[in-house]
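Participant: Sequence:
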Amino acid sequence: MIEFEPAQPRLDGPRAAVYEFAKKYRLSDKEAERIFLKLGPSATQEAMLAEARLPSPEFKAGTNKQS
Numbered sequence: 027m028i029e030f031e032p033a034q035p036r037l038d039g040p041r042a043a044v045y046e047f048a049k050k051y052r053l054s055d056k057e058a059e060r061i062f063l064k065l066g067p068s069a070t071q072e073a074m075l076a077e078a079r080l081p082s083p084e085f086k087a088g089t090n091k092q093s
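Heads up, my numbering is the position in the sequence shown plus 26, with the first residue counted as 1.
Calculated from the structure, these hints are not laboratory results. One or more hints might be untrue.
Claimed, not checked - When the alpha-carbon atoms are kept at most 20 angstroms apart in a straight line, the in silico EDC-like pairs for lysine to aspartate or glutamate are as follows:
#1 K50 / E72
#2 K49 / E77
#3 K49 / E59
#4 K56 / E46
#5 K50 / E77
#6 K64 / E77
#7 K49 / E72
#8 K56 / E77
#9 K64 / E46
Please take these sequences and the hints and turn them into a complete structure.
Facilitator: This is how it looks when you write it as structure tokens:
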């Protein structure tokens with residue numbers, strides 16, 4: 027007989043967006059919850075990146091250093 031794991035409750039709404047953001051940028055659930063509680067449900071991705079202290083994907087730092 028095949029046993030299935032119980033399905034986790036589906037997160038809907040703005041809180042789910044924060045957890046998707048955390049998953050995308052490999053943050054812990056604790057960090058995702060902290061960001062959600064601090065910024066609220068209407069936070070933009072840029073605000074979440076700043077709060078998580080991550081670089082914005084549009085502004086990639088150059089790795090070529092010329093002296």
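Participant: State the violated hints by number, sorted upward, taking the hints as numbered earlier in the document.
Facilitator: none
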